[in-house]
Structures are given as C-alpha cells and as structure tokens.
Amino acid sequence: MARGPADPVVKAKVLEYLGKVQKAKSRDVAVAIGASKSDVDNAVKELTAEDLVEYLYITTTFICLKGKVQTPD
Amino acid sequence: MTEKKTPLLDELETGKWPSFVTEIKRAAVKSEAAGELLQVLEKSYVQRRGHWKHGGIVGVRGYGGGVIGRYVDEPQNFPNIAEFHTVRLLQPSGWFYNTKALRTVCDIWEKYGSGLTNMHGSTGDIILLGCKTEHIQPIFDEFSEAGFDLGGSGSCLRTPNCCVGPGRCEHACYDTLEACYNVTNEFMDELHRPMWPYKSKIKFSGCANDCTSSIARSDCSVIGTWRDTLRIDQDAVKEYVANKFDVQGIVCDKCPTKCLTFNAETQELSVVGEDCTRCMHCINMMPKAIAPGKEKGATILIGGKSTIVQSAFMSWVIVPFMKMESEDDFAEFKDLMRRIWEWWDEFGKSRERIGETIYRLGMTKFLKGIEVEPVPQMVFRPRANPYVFWNQDDLDRSGTALDGSKL
Amino acid sequence: MAILDQGPPHYKKMLPPIVQENYGQWKYHEIPSPGVLKHVAESGAALYSVRVGSPRLVSVDFVRDLCVIADDYCDGFLRFTTRNNVEFLVSDEAKLQPLLDHLDSKGYCVGGTGASVSNIVHTQGWVHCHTPATDASGVVKAVMDDLYEYFNTMKLPAKLKMGLACCLNMCGAAHCSDIAIVGVHRTPPRINHDIIRKGTEIPSLVASCPTGAIRPDPKNKSVIVNEDKCMYCGNCYTMSPAMEIYDPKNDGIAILIGGKTSNARTAPSFSRMVIPFLPNTAPRWPETTEAIRKIVELWIANARQGERVGEWVERIGWEKFFSMAELPFSDMLIDDYIFSRETFRTSAQFKF
Ligand code: HEM
Ligand code: HEM
Ligand code: HEM
Ligand code: HEM
Ligand code: SF4
Ligand code: SF4
Ligand code: SF4
Ligand code: SF4
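Protein chains in written order, with the numbering used here: chain R, 1 to 73; chain V, 1 to 407; chain G, 1 to 352.
Check before you lean on any hint, since a few could be wrong.
What the hints assert, rightly or not - Per the computed footprint, the stretches of chain R lying under chain V, defined by three or more beta-carbons under 8 Å from a beta-carbon of chain V, are: (1) 20-28; (2) 33-45; (3) 50-62.
As the list claims (entries may be wrong) - Derived DSSO-like pairs (lysine-lysine); straight-line CA-CA distance at most 30 Å: (4) R:Lys-20 / R:Lys-68; (5) V:Lys-365 / R:Lys-37; (6) R:Lys-25 / V:Lys-53; (7) G:Lys-95 / V:Lys-288; (8) R:Lys-37 / V:Lys-349; (9) V:Lys-16 / G:Lys-38; (10) R:Lys-20 / R:Lys-66; (11) G:Lys-219 / R:Lys-20; (12) V:Lys-25 / G:Lys-106.
Hints listed in this document are in silico derivations from the structure and should not be mistaken for laboratory results. Where is the CB? At the ideal position from N, CA and C, for every residue including glycine.
Let's have the full structure, built from the sequences with the hints guiding it.
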C-alpha cells in the first residue's frame, strides 16, 4: 500500500464509484476509476477512518459505502 | 432465565479430559449469553446440526477485520445470542504471558462479552467468543488502551505466529519471536485493511521440526536451517553410549541420507556434512551431543493452503537460504514478501490463494514476477516433458545461424 | 479514541526472567517425566515446563485459575502451545513437585510430551460456526477421554498428533495429522426459495460457489444447483442462509491418517482417507472413538520404535494396512479429484 496521505481526487472517485454499486473489490474499483490499486487501497484506508466506507467480509473482503449493505437478520 | 436441562451435554462433563461443557457452564453463571449458548448447543446435539449464521459487517472504525459476525438462527428464542460475534486479538509472540496481561484480557472480556474464549485459535490469535454489535467498539477501545490490538480476518494478512524458538528451544536457527513481532508490526496495513484476492498467512518455525506446521498451514513458511555442517560433541556422544543409547539403531540407521557413521570402537560419530539434508532427526534424538551448524538462517517456502478449491498444497521452496538476523531488521524477507504479494494482488483471482495463482500461471511466471532466480532446490526433480514455452529472449540467446555463428 | 495499528503486546514483557537471561542460549532438553520438560541453558540454568491439557474453549475463570497457579509456582509466567496446551514455566526446581501435586489434586491433566498423544487441534463446530458437519469440542472430548492413557504416559511408538476440522474449510488444518477427523457434508444444499426471493443477492450467491455449481434461475427468481458439480463446501451457505447445507441424516465424520508436518526423517506428508464416513452419534461419537482406538492399537502393536503412523503405513504399504486394520476398501477411497493420478500405482510392485 502507498504510504502517506491519500490523493483527495482518488478518494472522491472511489466514493462516487461505490455510490453506483452495492459493493466491490478494491482491485475492480481501481480498474473502473483508472487509478493504481495501491492508491485506491490508501484512499480506502482514510475513507474507513472517516467512517464513509466500510469493509464487508463475505467469503472474500469487499468495500462498500458505510451502511449500504445491511447485515442479515 | 429459568434453568433448562442439557442431558446430552452433561454426558460430556464426565471423563478425565477437561470439559468444555463445564467451562460454558462456568461462564453461564455470569453471562446469560453463555447460558443461551449452552441451550443452543444442546439443541444441536439433539438435532445434529449447527444453528449459526454468518454475518455481514461488524467491525471497528478504521479496520476491515478482526471481528467475525455471528448470529444465531432463532433470535426470537435466544435473544442474548442473537448477535454473538468473535473478536480476534493479536497474541504475544510464542504465546508467552505474564498473569497481569492475561487477567486484563479476562476482565475486559468479562465486562462486555460472554466470558468464553479460545486460547488460542488455529491461526494463533486470542479468540474471544460472543459479544453484541454495540459492544465491539468499546471492547476495542478498552483493549487498545490496555496495549492489545485486533488480529486479522478477511482477505488480508492473517495474524502471523511462531514457535517458541530461542525463548526455550535449543534448536532455533533464528529468532522466531522477534521475527514474528517485527514482521507483524511492519505489515499492519496489510493485516488490518483487507485488500487482497484472499487471505494470506505467515508462520515462523525455528527449525525443520516445524512446530507451527507452517508448511501445511501458511502461504509463507519460514523454516529455520543452517548452511554449514551440524556440530557433534564427541564427549557427549560417549555419554549417550555409556547410558546404553543405541546410536547406530536410533540415529544412524534412521538418517534419511545415511550420512552419519558411528564407530563403535572409538565411540565417535561423524557426519558427511554435504550429504546432510538437515532433517533434524539426529539432533532430536541426541540434543546433548548434536547441534545445528553455525551459519544459520531460514528457508522460505510459498504456497501452503488447504483443500478448497484446488486441493491441499504444501508450501514449496522459493529461497533455500536467507539470513534472518534481527540486526538487519529482516529487511530482505520483508522486501521479498512485498514483491510476492504485489504479484499475487495483480494476477490472483478473487478467492484464490497464492499457491493456486502460482499453480495456474506457472512457477516460471511467478519467479520472473518476483525477480527470483530458479535453483534446483526449488524442485524435487526437473520436468519429465519437453513442453517448454520458449520466449524470445531465450531464443535469441540459444539460437544459432546455419553457418554456426551466434545470432 | 483507540490507538490504531499498535500491534501485539511486546513478547519481551511476557518472558520470565530465566528466559530473558538465557534467551537463545538453550543447550539441550530432556523429559524427566510425562508432561514435564527440562530445558538446560549454556549457563547451567534449568527451566521446567509443566504441560497441562486444555479444552481450548474455556471461561475467563479457567484462565484466572491458571493465573493463580502461575503466580504461586512460576513467578507469574506461563505460555500456551501450538496445540492449545498450557505450560507452566517453573524456574525454581523446588517448586516443581509441589506444582505437580497441586495440579494433580485439582484434577488438571499433565502430559502430552514425547511419545504421547497431545491435545487435538480443532475448530469451532456447533458451538460457533455456520457450516459444521459435526461438532468439534465434543468429538475431541470423547476421543481424548478414550485415549487419555496415552496422554499422561509416553508409551506410544512415536508422537501422535491429531487434528479435527468440522468442515471442508478446515480451519484447524487437519490434513497433515497422524490422525485427522474431518466433518463431511454429503449432500448438496437444499434451496429455500422463499428466503432467496426475499432479498438474496443472486449474482453474489452464484459467485460464491468455488466449483461454479450454482446457476441463476430467473424464471423462479432463485437459483439452481448442479448437483454433479457441488463438493458440499458450504460456501454458498456463508453467502445466504437459504442454501441449507446441514443435513442431520447424512452429515458425519471421515478419518484420514498418516500425515505429518515435521521434516524429521521423511518429508512432510498429507493424511490419507481410510474411513469415508462415520455417523454423528452425539454426545460421545462411539463409532469414531472406537475406529481411532483400533488404528492406534494396531500402530502400537506393529510399528517400530520411533515410527510415526504415516511412516509405519508407508513401510508396510497401504494395501497391507487395510487388511491388517480390517477396514473395507471402496471406490470412495480412490482419489478422483485434480491431483489423483499421482496416487495411482504405476508399478507392478505391491503386496497381496
Ligand atoms: C475457505 C476457507 C475458510 C473459511 C470460509 C473459514 C471461515 C471461518 C469462519 C466463518 C470462522 C468463524 C468461526 C467462528 O468463530 O464462529 C472461522 C474461524 C477461524 N478460522 Fe477459518 N475459514 C477458512 C479457512 C481457515 C483456515 C485454513 C484456517 C487456519 C489455518 C482458519 C483459521 C481460523 C481460525 C483460527 C478461526 C477462529 C476460530 C478457531 O480457531 O476455530 N480458517 N473460519
Ligand atoms: C489428505 C487430506 C488433506 C490434507 C493433507 C489437507 C491439508 C490441508 C492443509 C495443509 C490446509 C491448509 C490449512 C491452512 O491454511 O491453515 C488445508 C486447508 C483446507 N482443507 Fe484440507 N486437507 C486434506 C483434506 C481435505 C478435505 C478432504 C477437504 C474437504 C473436503 C479439505 C478442505 C480444506 C479446506 C476448505 C481448507 C481451507 C482452505 C483455505 O484456507 O484456502 N481438506 N488442508
Ligand atoms: C525429448 C524427448 C524425447 C525424445 C527426443 C524421444 C525420442 C525417441 C526416439 C527417437 C524414439 C525411437 C523411435 C523409433 O524407434 O523410431 C523414441 C521411442 C519411444 N519413446 Fe521417446 N522421446 C522423448 C520423450 C519420450 C517420452 C517423454 C516418452 C514417454 C513418456 C517416450 C516414450 C517413448 C516410447 C514408448 C518409445 C517407443 C519405444 C519402442 O517402441 O521401442 N519418449 N523416443
Ligand atoms: C514432445 C513431443 C512428442 C514426443 C516426445 C513424441 C513421441 C512419440 C513417440 C515415441 C512415438 C512412437 C514412435 C514409434 O512408434 O516408433 C510417436 C508417434 C507419433 N507421434 Fe509423436 N511425439 C511428440 C509430439 C508429436 C506431435 C506434436 C505430433 C503431431 C502433431 C505427433 C504425432 C505422432 C504420430 C502421428 C505418431 C504415430 C502414432 C502411431 O504410430 O500410432 N507427435 N510420438
Ligand atoms: S520448530 Fe524447531 S526451533 Fe521451533 S520450537 Fe520446534 S523444534 Fe524448536
Ligand atoms: S539432520 Fe537428518 S539428514 Fe542430517 S545427519 Fe541428522 S539425521 Fe541425517
Ligand atoms: S472448519 Fe468449517 S465449520 Fe469448522 S470452524 Fe472452520 S469454517 Fe467453521
Ligand atoms: S456447497 Fe459449495 S460447491 Fe455446493 S453449491 Fe454450495 S458453494 Fe457450490
């Protein structure tokens, strides 16, 4: 993962993309928004700390907008 | 809660081996959740099926793992375990504890959770079994305050672990406790923020006895070894002989490479160092007389995983010998791991362990990708078919023109 | 606010003084009695480790009891082993016998060293997992009760390392054990179409299947399972509780033997299936305990000193093992998965 603060442009693009899907693998997000995988990972790190994005573990780990995918009841 | 009967589970309180049923009952004295767990488990024993569901998101802010969502399938009947999540904590290297630290774990867990734990999970973490969603953040905050951190879950670096090593074992060829601590701390992002196709595990064993079963249980196995010749203390050999120890039968005859010779007359044991494959057998049998060589390090193996989907793999050799001195901060190892994960992250499919990715794409591609030169130690034997995929570089180098000149 | 990424507690704070002083300077060890290891350092210092069995699933009060004992006899230090045993670390020899007496009076199980059966590495089972085909803790308890005489003695031909995994996910990595107990589902998931229609994400469900056995069924707003492709792994149940993988009548246990992970003498090896199915007879799994006891006793009676289960079977030959063990051989024991060919006998050498 890239070190140091994340690129705000990448962060905005990640949020925009996640707004359009239920959930995604960060690799697919990187391909979709045309950023490098490590920049996306770094952006996601900050976005989760800001409580905007969260990780979702169902057989593999996905990311999604915070609260977008509900836990089953 | 009214007392309910658990006749089947009660059966498991008899017998000599310590009983987990007794333990759940002890926890149930203080925790209604543990009491309901007992009821659900009794139900499972009657019906011979499980009653748990996998969860979606449960976690703490800033992390992508460390907590596993778990829900009972009949929340209306078992409200206290409607949410019953697992928390993983990073264990200290080698699972050494002082009682103060252990009591801290107990106190915090009793305050918020069921009071039930696994010491430890098969990956190595301290496993805390059973808490509500609303308590996850407070639990983490309090453990964090007390100097503990969450372990890995999801498609991340799972909690590394190691054997007891130099802490108590004469066989250790490198400092497994420090390696595990150092490497875990280096890869905190990779551990706490799942970003890979699937999980990845590292286990550190100090010698080829592989007490952590790293070759079977981890994607990267770091197994201590040495590059010179094992050391024999002839006086100590004579002592074994004096104690009626059968050096020929128990040690020499079982050496897989037949490189040990015992001279019954002089009572001396000798080794052909270059033939020894460092299997540890003779050292295990005669620890007072035989010790690893002096030039120590580790063999790095890659690819171990379990059966789903492609069959079980055991890790195979990638680097026959790497120095693992803590003075250089294990820099070479960490650098190698970064290259390996980067390659896998780029080429691996979702839910494909690195061993499967290498198997699918070929060792050749993998070795080129991580810039490691092929050596015969990587294979038991070379290929038996001639189906080599030649690339242009190799053709340019080996082709000759019809007049015999180099191309 | 919690501190992020502080990592595990530093191990140095957890080491008893004798370990700190002799770190990396250990010379040799011996086993004075079952369950007791004596490690001697170059300095001459001796550390006694007393190994005690644990059910692994324990209450915090169990851990607190351990702490009291460690405070009384070990200056407040103890450790756990890879196989979930507890080790009390005694640096004062005078406290060794009193500790052993105390443990005995409280009913703790001391053993698991040398040529013994150690604790069975195991998983969650019905206690806490969603895909188990059998329980974990209960089977382990039943088997350890039965084999207890081999835990607190060292009279086996060699070490006996056992593992249990309650489903194919094999959290416990049972596959390289001397004896592995593996929970097996034997039927594809039953589909609860109502639950699926109520909001299961069908593409994710389809994608969750490692063998591609699940197809969408748009007409039904549900899915179809190709039963020939399904390997009963339960991954789909992880994705949706509509995919009912549990099947009380058909779930049970398979026994695999002969694996090891140590490199000593022979290379590490996988366990091999010798019994494809035993029923889930809770609470004590008598068929399983009996089958395991038979294999263990056959090994004791026939192995050479120092031979692990797999080394013994490989020496006599698997065909010989099946006749000696009076176990039926069937097509279920012949591999028909990806790497099957390497198990076929491409040689005219064998025993009758
Ligand atoms: C496809 C593979 C796997 C899946 C889907 C899987 C799934 C799970 C799940 C759902 C749990 C939670 C159980 C609970 O506490 O409620 C769990 C626990 C655990 N798994 Fe796995 N697992 C897999 C493979 C493994 C492997 C190969 C290992 C280890 C080597 C492992 C190690 C653990 C550990 C340490 C726990 C904690 C509980 C325990 O120790 O039994 N898992 N796994
Ligand atoms: C000869 C028998 C077997 C051997 C030697 C074996 C060995 C292993 C090993 C070494 C692991 C890695 C554990 C880890 O990552 O910690 C593993 C994991 C696993 N095994 Fe087995 N296994 C065997 C049979 C089976 C069978 C019969 C199944 C299922 C039908 C199975 C399912 C799994 C699964 C699902 C995992 C976890 C997958 C993962 O972590 O990616 N294994 N096995
Ligand atoms: C570099 C690879 C190989 C070369 C250059 C090669 C070459 C040859 C040649 C020149 C013959 C004699 C043909 C004749 O009698 O007219 C032959 C025969 C044969 N080779 Fe190979 N071969 C190779 C690999 C293999 C492999 C991999 C196998 C089997 C796995 C194999 C199996 C045979 C067999 C069965 C015969 C027939 C022998 C007989 O009928 O007398 N060869 N090979
Ligand atoms: C590395 C590659 C190959 C090896 C080692 C190989 C080896 C052999 C051998 C040993 C034989 C038997 C020769 C004999 O009976 O004397 C044979 C026969 C034959 N090979 Fe190949 N071969 C290879 C590739 C090919 C390819 C690529 C083709 C066709 C595209 C081919 C077509 C044939 C045919 C038609 C026969 C005669 C079959 C018969 O007599 O029934 N071989 N080959
Ligand atoms: S793996 Fe080797 S160094 Fe580590 S504890 Fe086991 S025998 Fe000792
Ligand atoms: S370590 Fe193994 S191979 Fe080497 S001499 Fe000893 S028994 Fe032989
Ligand atoms: S082996 Fe299977 S059933 Fe058992 S704990 Fe692991 S995933 Fe759950
Ligand atoms: S049990 Fe496994 S193989 Fe069978 S349908 Fe479900 S996911 Fe696919």
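So, going through the hints one by one against the coordinates:
1. For the segment 20-28 of chain R, the stated coverage by chain V is satisfied: 3 residues place a CB nearer than 8 Å to a CB of that chain, which reaches the threshold of 3.
2. Coverage of the segment 33-45 of chain R by chain V holds [criterion: at least 3 residues with CB-CB distance below 8 Å; count 4].
3. Closer than 8 Å: that is the beta-carbon criterion, and the segment 50-62 of chain R has 9 residues meeting it against chain V, so the requirement of 3 holds.
4. Straight-line distance between C-alpha atoms of Lys-20 (chain R) and Lys-68 (chain R) comes to about 11 Å, which keeps the hinted pair within the 30 Å bound.
5. Proposed proximity of Lys-365 (chain V) and Lys-37 (chain R) is supported: the alpha carbons are some 21 Å apart, at most 30 Å.
6. Between Lys-25 (chain R) and Lys-53 (chain V), the direct Cα distance comes to roughly 23 Å. Compliance with the 30 Å bound is thereby established for this hinted pair.
7. Distance check on the hinted pair: Lys-95 (chain G) and Lys-288 (chain V) sit about 25 Å apart at the alpha-carbon level, within 30 Å; holds.
8. A C-alpha spacing of about 14 Å is found between Lys-37 (chain R) and Lys-349 (chain V), which places the hinted pair at or below 30 Å, so the restraint holds.
9. Simply put, Lys-16 (chain V) and Lys-38 (chain G) have alpha-carbon atoms about 26 Å apart, close enough for the 30 Å limit, and the pair holds.
10. The straight-line distance between the Cα atoms of Lys-20 (chain R) and Lys-66 (chain R) is roughly 13 Å, inside the 30 Å bound, and the hint therefore holds.
11. This hinted pair checks out: Lys-219 (chain G) and Lys-20 (chain R) have alpha carbons roughly 26 Å apart, not beyond 30 Å.
12. As the CA atoms of Lys-25 (chain V) and Lys-106 (chain G) are separated by approximately 18 Å, the hinted pair is consistent with the 30 Å bound.
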